[in-house]
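Student: Starting from the given sequences, assemble the full structure and let the hints guide the process.
Going line by line, the protein sequences match chains A and B. Sequential numbering of the first sequence, starting at 2, is according to our numbering. Sequential numbering of the second sequence, starting at 2, is according to our numbering.
What the hints contain is simulated information worked out from the structure, not anything from laboratory work. Among the hints, a few may not be true.
Under 8 Å between C-beta atoms, here's a sample of chain A residues computed to sit facing chain B [stated by the list, open to error]: (1) 92; (2) 118; (3) 119; (4) 150; (5) 153; (6) 156; (7) 257; (8) 298; (9) 299; (10) 320.
All of these numbers come straight from a predicted model, not from anything done at the bench. C-beta atoms are modelled at their ideal positions from N, C-alpha and C, and glycine is treated no differently.
Protein chains: 2
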Amino acid sequence: MHTVLVEAPGGHYPIHIGSGCLDALADSIPADATSLALVTNVTVDALYGERVRDLLAAAGKPLVTIALPDGEAHKSWDSLNQVFDALLARGHDRKTVLVALGGGVVGDLAGFAAACYQRGVRFVQVPTTLLAQVDSSVGGKTAINHPRGKNMIGAFHQPQAVVIDPDVLQTLPAREVSAGLAEVIKHGMIADAAFFDWCEAHVTGLRALDAALISQAIRRSCEIKAAVVSQDEREAGVRAHLNFGHTFGHAIEAGLGYGQWLHGEAVGCGMVLAAGLSARVCGLDAAAVARIQALVQAIGCPTRAPALGAGRWLELMRVDKKSRGGKIHYVLLPRLGAAQVHEVEDAVVAALLLQSGA
Amino acid sequence: MHTVLVEAPGGHYPIHIGSGCLDALADSIPADATSLALVTNVTVDALYGERVRDLLAAAGKPLVTIALPDGEAHKSWDSLNQVFDALLARGHDRKTVLVALGGGVVGDLAGFAAACYQRGVRFVQVPTTLLAQVDSSVGGKTAINHPRGKNMIGAFHQPQAVVIDPDVLQTLPAREVSAGLAEVIKHGMIADAAFFDWCEAHVTGLRALDAALISQAIRRSCEIKAAVVSQDEREAGVRAHLNFGHTFGHAIEAGLGYGQWLHGEAVGCGMVLAAGLSARVCGLDAAAVARIQALVQAIGCPTRAPALGAGRWLELMRVDKKSRGGKIHYVLLPRLGAAQVHEVEDAVVAALLLQSGA
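Tutor: In C-alpha cells form, the structure reads like this:
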C-alpha cells in the first residue's frame, strides 16, 4: 500500500492506494464517531455493500446504509435530501461519519451532505470508479447539479481519508474505465509530460486494468492532484489547471443533458477542443495537438464534439464557474506538461467550434 | 457609529452599529464584486427595498432583487432554490456578492445560499429585526430548516461585514421587539451579570426602542457575541453557551410547528425552563431563577411552556444539534453571568417539565 498526503488548510489527510487496502477501511474511521452512514448507490451496493458493511462492523458503531439511485441525473437535491432524511430519522448527531462508497456522483453528493448536515460532519471517501479514484475523491470539492449547470451548488469540505483499492475496478464497465483514463492523461497534459509519454506507451495495459499499471497511474494522478490542492485548496490560482478540458466538457454534459455522456467522456472530448484552442491562443504545437487527440481516442473516449452550435456552446460555457464578469476563462496548454489560464474572445472560440463541426 | 470586530478563522470583519449607518452600505461592498443580489422578503422589500437599492447603486454593480415569502416556514429548500435560480438565470459568477436585508430567516438563508453558490461567494448582512441585529447576523452560522429540525442543513460562512442601523427597528412590530430582547438579555445571563442588571433597569425604555438604550443594548450584545465567536467559531466549546435556552426553544418551535412562536419567544420561554433546570442541576439560586422569569415576562415574551408532554419534549430535544450519542446536553447557569454545559438525565428534565405543566 502507498499513502499520499493532502495538506490543505481545510484538512490534512491520507490517500491510501493499493490492492486490498479496502480491508483496512475501519482504521480510517475516527475513534470518537458516534455512528456511521454508508452512502452509496444501488448498483455499487449490490456489488460491494455487504463486504463494506462487514468491514465497517470492525469500527463498532451503529451503521445505516443509504443507497441512492444510480447516475449523474440523481446528483440532485432529491438525493441529497434522501441522505438528510435518513440521518435525521436515525438521530445521527454531529459526531456521525459518512462513508461515500461509489463513483464521482456518490462522492460529490455524500461529501456535500457531510458539509451541510448540522453545519458539517466528517466523511471518508471510498471511490469505486477510476474517475473517482484519480480525481473527484481527492481535494474536497463537493456539489450537486442544478438544471442550469453542473456542480453549481456545493462546498469545499475535505474528507478524513480516501481509501483507493484498484481491485474494485474489476467490476467497472469498460466505458467507465475509458472515462477515468481521461482524467489520468489530463494530469500528464497539465503537469507532467513524462507521465503523458508513459500513458501513451501503456494505454493498452491501462485499458485492460493491468494491476501494476493501473496502480501506478492512480498513484501518479493522486500525487499531482494532492500537490495542487495542498497549494491552492479554494482554486484561487493553480488549482484551476485541473479544469483543463472541463469548460468544454461541462457544456457537453449540460447541452446533451446530464448522464448522456459520462463526465470523463465529456472531459476527454473537451481536452481535444482545449488543445485546439491552445494552438490558436498560446502556441501549442500541432504535433502535441495530434498526440492529445490520438491519446483521447486510444483510451476509448469520443473526440468528435457534439453539434450544439457555437451560440449554444458559448451560452453554456458562460454559466460555468470559470467565468468572471461574463468573460469565459479557459485553461490552455502552451506545451505538454504545463497549463495557463487565458481569457479568450468568443469569436476565436466560435471559429474553433465551427471548424470542429460543433 | 461604533464598530465591533469579529476575528474568526473563517474571516475577520466589522460590525458597524449606529443610527444612519445604513447610508454607508455601499462602502461595505468589495471593490472587485462583479454583481450584487439583494436577498430580502416581500415585507422588508416594501419597507426598505427601494432605499437600499438606491444606496447600493453607489457601488456601481449590476443588481438583482430576490424577494422571498416572509416567515420561518419559508426558511426552506424552496426559498433557497429561488435564490439559486435567480443567480443562475442572471449569470452571477463567483465574484457576486449577496446582500441579506431582513431578519434571521433572510440572513440565515441568504448566508447559506452564499456558502453553497458555486461552492461559496461573499455576502453582507443588513439585519432589520432586533433579533437579527443582536444575534443571528453575527458569527457566520447559516442554515435552512428541515421538517425534522430547525437549522439542520447549513454551513459556517462568515459575512464580509454586518451593517446594523437601529433606525430600521421603528417599523418592527412590538412582538418582534420582545423576541429580539430575549437574545439581548440572554447575553447578560450567560456572560455579563452587570448587563443583566442594566437590562432589568431599562426594560421599559428598551421595549419603547429608546434610541440611546437600544443602541447600547445592540452594541453590548454584539461585543459579547463577537468575543465568543472569535474564540470558538465552530462551536467546539464556549460558543455553545450562546445556545442557552435554545434546546428547549427549538423543541417549542418544532413541536408547535415553525412560525407559531417567534424564535425569540421560544428562546425566552426556553431560558425560563433552562433556569429551572440550572437550579436542579448546578445550583442556580432561587432568586436568580425568579429574576430570569420576571425579566422574560417584562420584555413581553411567554414564560409558560407549551404542554407537549415530556416524552415529546425529549424526543424533539434529542434531534437538536446539541445532542451527542443520543445524550442531550444543556447549557445551564451556575449563577447569573456564567454558563456551563451539562449532560442531564432524562428523568430530571422530565420532572422539571411535569412541574412546569409542559
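Student: Would you mind marking each hint as holding or not holding in the structure?
Tutor: Comparing the hints with the structure gives:
1. 92: holds (6 Å)
2. 118: holds (7 Å)
3. 119: holds (5 Å)
4. 150: holds (6 Å)
5. 153: Since the shortest Cβ distance to chain B is 6 Å, the answer is holds.
6. 156: holds (6 Å)
7. 257: This hint is violated: residue 257/A lies away from chain B, its Cβ roughly 19 Å from the closest one there, beyond 8 Å.
8. 298: Violated - the Cβ of residue 298/A stays beyond 8 Å from chain B, reaching only about 33 Å at its closest.
9. 299: Since the shortest Cβ distance to chain B is 33 Å, the answer is violated.
10. 320: Interface hint status for residue 320/A: holds (6 Å vs cutoff 8 Å).
When held up to the earlier numbered hints, the structure conflicts with 7, 8, 9 and fits the remainder.
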